[in-house]
Amino acid sequence: MKLFMCFVMLSMAAAIAAPSEIPPLQWGEPGARECMLETKDRWHAYDNTPLPSEDISTHGPRVPAFPGAEGFGAYAFGGRGGALHRVTNLNDSGPGSLRAAVESEGPRTVIFDVSGTIELESRITIDNPYVTIAGQTAPGDGITVANRKFDVRTYDVIIRHMRFRRGVYRDDTDEWTFRIRGGTHVIVDHITVTWGIDGNMGVTHMDNATVQNSVLAKPLWDSIHPKGVRGYGALVRGRHGARYSFLRNLWANHRARVPRPGNYISHEDDPDGLLMDFRNNVIYQGVGANYDQDSITLYNIVNNYLLTDWRLIERSPYTQGHFSGNYRRGTEVADQWGLLSPGDRIVREEHEQPEPFETGDVTTLSAEEAWREVIDTAGAWKRDAHDENLIKETLNYHRQEIEVGEPEYELPGWWTTGQIDSQEEVGGLPELESVSIPEWIDTNRNGIPDWWEEAHGLNSDDPAIANVDSSGNGYTNLEDYINDLDAIRNTHEMAAIGHP
Numbered sequence: 001m002k003l004f005m006c007f008v009m010l011s012m013a014a015a016i017a018a019p020s021e022i023p024p025l026q027w028g029e030p031g032a033r034e035c036m037l038e039t040k041d042r043w044h045a046y047d048n049t050p051l052p053s054e055d056i057s058t059h060g061p062r063v064p065a066f067p068g069a070e071g072f073g074a075y076a077f078g079g080r081g082g083a084l085h086r087v088t089n090l091n092d093s094g095p096g097s098l099r100a101a102v103e104s105e106g107p108r109t110v111i112f113d114v115s116g117t118i119e120l121e122s123r124i125t126i127d128n129p130y131v132t133i134a135g136q137t138a139p140g141d142g143i144t145v146a147n148r149k150f151d152v153r154t155y156d157v158i159i160r161h162m163r164f165r166r167g168v169y170r171d172d173t174d175e176w177t178f179r180i181r182g183g184t185h186v187i188v189d190h191i192t193v194t195w196g197i198d199g200n201m202g203v204t205h206m207d208n209a210t211v212q213n214s215v216l217a218k219p220l221w222d223s224i225h226p227k228g229v230r231g232y233g234a235l236v237r238g239r240h241g242a243r244y245s246f247l248r249n250l251w252a253n254h255r256a257r258v259p260r261p262g263n264y265i266s267h268e269d270d271p272d273g274l275l276m277d278f279r280n281n282v283i284y285q286g287v288g289a290n291y292d293q294d295s296i297t298l299y300n301i302v303n304n305y306l307l308t309d310w311r312l313i314e315r316s317p318y319t320q321g322h323f324s325g326n327y328r329r330g331t332e333v334a335d336q337w338g339l340l341s342p343g344d345r346i347v348r349e350e351h352e353q354p355e356p357f358e359t360g361d362v363t364t365l366s367a368e369e370a371w372r373e374v375i376d377t378a379g380a381w382k383r384d385a386h387d388e389n390l391i392k393e394t395l396n397y398h399r400q401e402i403e404v405g406e407p408e409y410e411l412p413g414w415w416t417t418g419q420i421d422s423q424e425e426v427g428g429l430p431e432l433e434s435v436s437i438p439e440w441i442d443t444n445r446n447g448i449p450d451w452w453e454e455a456h457g458l459n460s461d462d463p464a465i466a467n468v469d470s471s472g473n474g475y476t477n478l479e480d481y482i483n484d485l486d487a488i489r490n491t492h493e494m495a496a497i498g499h500p
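The opening position of the sequence shown corresponds to residue 1 in the working numbering, with each subsequent residue numbered one higher.
One or more hints might be untrue.
Stated by the list, open to error - Cβ pair distances, simulated, as ranges:
| id | residue 1 | residue 2 | range |
| --- | --- | --- | --- |
| 1 | N444 | S366 | 45 to 53 Å |
| 2 | D222 | P64 | 36 to 44 Å |
| 3 | W337 | V229 | 26 to 34 Å |
Bear in mind the hints are in silico, worked out from the structure with no lab data behind them. Glycine included, each C-beta is placed from N, C-alpha and C at the ideal position.
Could you put together the complete structure from these sequences and hints?
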């Protein structure tokens, strides 16, 4: 009965909404949030928090988070149909800040009226669900979030075209640069993550996550971590059927954990474990590892391009893996099983899977195609000086070690190739052009420039048109505009917020 009443309440909210407007989720109504959570079809595996696993809003059929969203996190709902939050300054906190926008409640889309570096005084944590952070809307050189960790601890989150650079900052040893912990349906796309004190990224204690088209690089090896030398890539912890996708990412200059999948629960207590799809990645330095002795992990290692002697160290006899199409040092690996460094208790016939585990619709490039795709497009656009130098470093290594030729690109004399202990070894934070968008670009302040509304036959006098799906493609007009900007950035052009 309670579940039925929830649907009645949501239906009534839809019925009284203005016909020209997609009704936002009414989080302010008494019991609305609890009602949303009651319509879940399963319970979160870690803290018994109920989580919605399908679109139960009044916005129509669920569609991918954006065109090109793939993997297990592809159907993150984000802030679709909710409030608009504009980042108007680079402050750590307060009105108009990134922190104020992402830590607010209710479905929301965050866009940027400024570009530059946001230097945090404390970590940012997203606890409230249904948020889209559209970094591609920033003018100039885009947005970098620096100095502290960025934490996602909720569900239905979309983050795109953002840079996160942790680095040594005062005496704070908060370990990660970027972490997704808890929740479900989270996708990050075209982000750059560097300078982690322990590791660059953590994806843990959650379900249905995708990390795609991104750069994870230059963690700090021997900096201020109390355990000493670190320099890790990504800690990947999942259980009770959790599913994570890593697609078309560049992993560079790590010591290990490229990635580190698994969990610390025995196969008896968790017979489902974690499924990780690791596909079309480019790896330049670092190895993968799972040192858990008794847990279940299933993984696809498919069509990755390995510049160095990558392998996956595995110690649990209860894991199973599919390896195919991977290249190492420019040549397809003859014995794909040889990419596994197994412990004494692992039997090849029991571990090796001839067919990949099911992932749904995911684009699979050849390893050689993935190499070029990742080099050309990974990370936040437009690329800043640090990412440009990183790509040049990777290309030079490929040229010298695989093509056996002379380095093609000149790097600054102060740039440290390979491992670093401090961000200062690669010049510290790059200087970004700080640009503000004038208000006349978007006179109705709904997040869509007037020229785009006019070009698409929309009524620029009606702010509510932003949350309407005029094209019938499942996305609001605001999302269509944001996705158009993404297409511009992916063709290596700078997104122009004013009239093109």
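Which constraints among the numbered hints does this structure fail? Numbers only, ascending.
Every hint satisfied by this model.
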